[in-house]
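There are 2 protein chains.
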Amino acid sequence: MTAEVAEPPVEPVDTTIHRVRTAVDDLLSEFIDAHPAPVADPELAEGHRLLREFVVKGGKRIRPLLCYWGARGAGGTDETAPVAAGAALELYHAGLLIHDDIMDGSALRRGRPTLHRSLARPLRHPGIVSSAVPFGHSAAVLLGVLAQAWADELFGDTGGAPRRLFNRMRAEVIAGQYLDIQSHLDPDAERALTVIRYKTAKYTVERPLQIGGALAGASRSLLESYSRFGQPLGEAFQLRDDVLGVFGDPGVTGKPVLDDLREGKATVLIAHAFAEAAGPALRLLRAWHGNPDLDEKRAADLRQIIVDTRALARVETMIDGRARTGLEELRTCAIDRHARQGLTLMAERLTHRSA
Amino acid sequence: MTAEVAEPPVEPVDTTIHRVRTAVDDLLSEFIDAHPAPVADPELAEGHRLLREFVVKGGKRIRPLLCYWGARGAGGTDETAPVAAGAALELYHAGLLIHDDIMDGSALRRGRPTLHRSLARPLRHPGIVSSAVPFGHSAAVLLGVLAQAWADELFGDTGGAPRRLFNRMRAEVIAGQYLDIQSHLDPDAERALTVIRYKTAKYTVERPLQIGGALAGASRSLLESYSRFGQPLGEAFQLRDDVLGVFGDPGVTGKPVLDDLREGKATVLIAHAFAEAAGPALRLLRAWHGNPDLDEKRAADLRQIIVDTRALARVETMIDGRARTGLEELRTCAIDRHARQGLTLMAERLTHRSA
Chain A
208 MTAEVAEPPV EPVDTTIHRV RTAVDDLLSE FIDAHPAPVA DPELAEGHRL LREFVVKGGK
268 RIRPLLCYWG ARGAGGTDET APVAAGAALE LYHAGLLIHD DIMDGSALRR GRPTLHRSLA
328 RPLRHPGIVS SAVPFGHSAA VLLGVLAQAW ADELFGDTGG APRRLFNRMR AEVIAGQYLD
388 IQSHLDPDAE RALTVIRYKT AKYTVERPLQ IGGALAGASR SLLESYSRFG QPLGEAFQLR
448 DDVLGVFGDP GVTGKPVLDD LREGKATVLI AHAFAEAAGP ALRLLRAWHG NPDLDEKRAA
508 DLRQIIVDTR ALARVETMID GRARTGLEEL RTCAIDRHAR QGLTLMAERL THRSA
Chain B
208 MTAEVAEPPV EPVDTTIHRV RTAVDDLLSE FIDAHPAPVA DPELAEGHRL LREFVVKGGK
268 RIRPLLCYWG ARGAGGTDET APVAAGAALE LYHAGLLIHD DIMDGSALRR GRPTLHRSLA
328 RPLRHPGIVS SAVPFGHSAA VLLGVLAQAW ADELFGDTGG APRRLFNRMR AEVIAGQYLD
388 IQSHLDPDAE RALTVIRYKT AKYTVERPLQ IGGALAGASR SLLESYSRFG QPLGEAFQLR
448 DDVLGVFGDP GVTGKPVLDD LREGKATVLI AHAFAEAAGP ALRLLRAWHG NPDLDEKRAA
508 DLRQIIVDTR ALARVETMID GRARTGLEEL RTCAIDRHAR QGLTLMAERL THRSA
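Residue numbers (the numbering used here), protein chains in the order written: chain A, 208 to 562; chain B, 208 to 562.
It is worth saying that the hints were derived from the structure and are not from the lab. Possibly wrong hints are sitting among the right ones.
Reference excerpt, derived from the structure (chain A facing chain B, CB under 10 Å, subset only) [said to hold, decoys possible]:
no., residue
1, 246
2, 359
3, 368
4, 379
5, 384
6, 521
7, 525
8, 528
All C-beta atoms, glycine included, are put in the ideal place defined by N, C-alpha and C.
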């Protein structure tokens with residue numbers, strides 16, 4: 208690259224983001240439409256329709272955008288490969304969310320019924336207690352598996368470093384989720400941080416950035432920079448998400464603000480509250496966190512305890528520290544100006560979630 | 208290839224089968240050992256251990272063997288690629304069985320507790336009725352997903368025709384399973400045959416043969432021969448399995464002979480019985496097929512109805528016709544003598560299941 212004399216004007220970051228999102232959305236629709244069910248069957252067709260809707264209408268495309276900026280940061284000018292890899296990440300993520308919602312027993316996702324709920328069918332023989340899993344659960348497991356097989360197909364035969372990172376990412380997020388399902392109802396801050404690291408920081412930020420970078424032939428040193436930026440940023444993003452899960456506006460988050468508390472999600476926020484609460488506050492936490500009968504009044508009590516134990520303040524400090532660390536790495540690492548602008552904007556949005 | 212003058216002596220088929228099985232087993236152990244859990248956690252380590260045991264100790268390696276013979280039939284001499292692809296098919300299948308067992312609520316597989324049963328943990332808060340899925344179910348879904356991600360990794364960047372067949376195979380078996388979970392408790396012969404076609408004939412026989420063939424550069428015409436051989440053979444294999452699921456010896460099949468009847472498995476055999484039974488026999492079928500309280504005495508009644516309605520005889524005729532069609536295709540298609548011997552032996556074993 209020649210010296211920085213007069214760089215050409217770059218596309219505004221929001222224009223790029225919009226363009227990449229559109230390209231990912233288009234590719235996802237095109238891919239799914241090219242993969243109809245191999246057997247003509249109305250129920251299966253309905254399953255495909257719901258899966259298509261879930262994938263095409265859903266999500267902020269965080270992973271594809273990070274994959275794109277990762278490639279861009281490494282000097283990549285080809286957009287086809289990072290868009291395809293990003294769309295594959297989105298399909299993989301759809302499968303993971305579908306399975307997560309089954310495991311958590313969630314009724315809503317993005318403000319709409321979860322897939323296993325949409326697929327629920329009345330029992331044919333209601334008198335018989337069967338050990339078989341309800342149809343909606345089984346069907347949703349299968350559609351999640353299908354989305355992940357598609358992800359793999361769309362990711363394609365990139366070979367080499369991108370494929371190795373994709374494989375590692377899958378193993379990591381499965382491990383993170385495995386730890387997460389254990390920790391429900393047994394909040395522990397250290398374990399919650401490990402879950403965040405594997406289930407969000409690596410999966411949502413670090414690996415997508417690195418996959419994009421690897422597609423554009425990034426050096427080992429740049430891939431390491433992406434780790435140093437991506438890990439703290441990803442942790443901050445999840446900690447922010449956990450705060451919004453208790454204190455957020457359902458109109459923005461798309462899920463009832465009682466869900467995390469009702470499900471007994473063992474977040475860092477909750478773990479800190481448990482660790483610091485005593486007496487009647489601890490009894491309230493124990494009685495109502497993870498209790499499906501939790502109502503708005505009890506939720507307000509729990510929120511007050513989370514504030515009073517300074518759990519909220521601690522988590523805000525954690526978010527702030529991690530966001531700073533990530534942004535400092537981003538400021539100094541060797542990537543082009545446009546990618547730095549793009550990633551800075553994304554970092555701010557991910558940790559504040561104002562937009 | 209030169210004219211058939213004096214072919215060199217070939218390895219006895221059983222020696223080949225033993226050698227390929229051993230190579231697949233070794234590769235599976237090696238691959239799994241090279242993929243430890245990315246997070247140190249005792250529960251996750253236990254999950255990995257159970258998955259390893261399930262994969263390494265289980266199964267007759269039908270798909271890898273068919274993949275091997277498929278390559279061999281196409282004149283392939285390299286064994287590495289079909290053994291790796293075959294081991295990948297086995298990993299994929301492990302994931303599928305783990306999920307199947309959850310969906311069916313099966314307690315036993317290959318004579319041992321199913322994975323979700325082995326992973327079952329007592330509820331931490333037994334007083335609270337949660338909508339979350341039990342830990343064992345969620346953990347087993349994740350381990351199945353992991354096995355399938357591994358399958359994909361081990362299948363590798365073959366690209367081209369093998370990868371396209373692998374992708375198609377996944378979509379087909381998911382569709383077959385989707386139809387299967389609908390048809391439980393609602394036996395219909397036509398639907399049962401569609402399920403057999405996608406869930407067994409294509410998945411277990413046709414595609415593995417073709418994947419092996421494609422790895423060895425098989426012509427389109429040979430791949431079509433493999434379809435004409437594999438489809439009827441695969442259907443015969445599943446029909447035999449369905450018969451054994453009701454009339455078989457648990458010491459051979461590894462599962463209690465009441466399981467299929469208790470689960471209400473909607474096989475062709477059962478569908479024929481339902482279609483032909485009348486009066487008290489039909490009432491017995493309706494009351495006890497798919498009834499978890501079924502005991503050995505009622506099972507004997509159901510077996511008698513299956514015999515009396517000639518459902519058993521019809522299915523035996525179907526098996527016989529399909530086995531003949533398959534073997535006739537095998538006798539006349541353009542493959543080498545050794546592969547023909549190997550596939551003939553496998554066809555006999557798959558449809559009689561005597562060995």
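Comparing the hints with the structure gives:
Given the 10 Å rule on beta carbons, the hint for residue 246/A holds: about 5 Å separates it from the nearest Cβ of chain B. Against a cut-off of 10 Å between C-beta atoms, the interface hint on residue 359/A holds, since the closest Cβ of chain B lies about 5 Å away. With its C-beta approaching chain B no nearer than about 12 Å, residue 368/A sits outside the 10 Å limit, and its interface hint is violated. Taking 10 Å as the C-beta contact cut-off toward chain B, the hint placing residue 379/A at the interface holds, the least distance being around 5 Å.
For residue 384/A, the interface hint holds, since its Cβ comes within 10 Å of a Cβ in chain B; the closest pair sits about 6 Å apart. A distance limit of 10 Å between C-beta atoms decides the matter here; for residue 521/A the minimum to chain B is near 24 Å, and the interface restraint is violated. The interface hint given for residue 525/A is broken, as the beta carbon of that residue sits about 20 Å from the closest beta carbon of chain B, more than 10 Å. At a threshold of 10 Å, the smallest CB-CB gap from residue 528/A to chain B is about 23 Å, leaving the interface hint violated.
In this structure, the earlier hints numbered 3, 6, 7, 8 are contradicted, and the remaining ones agree with it.
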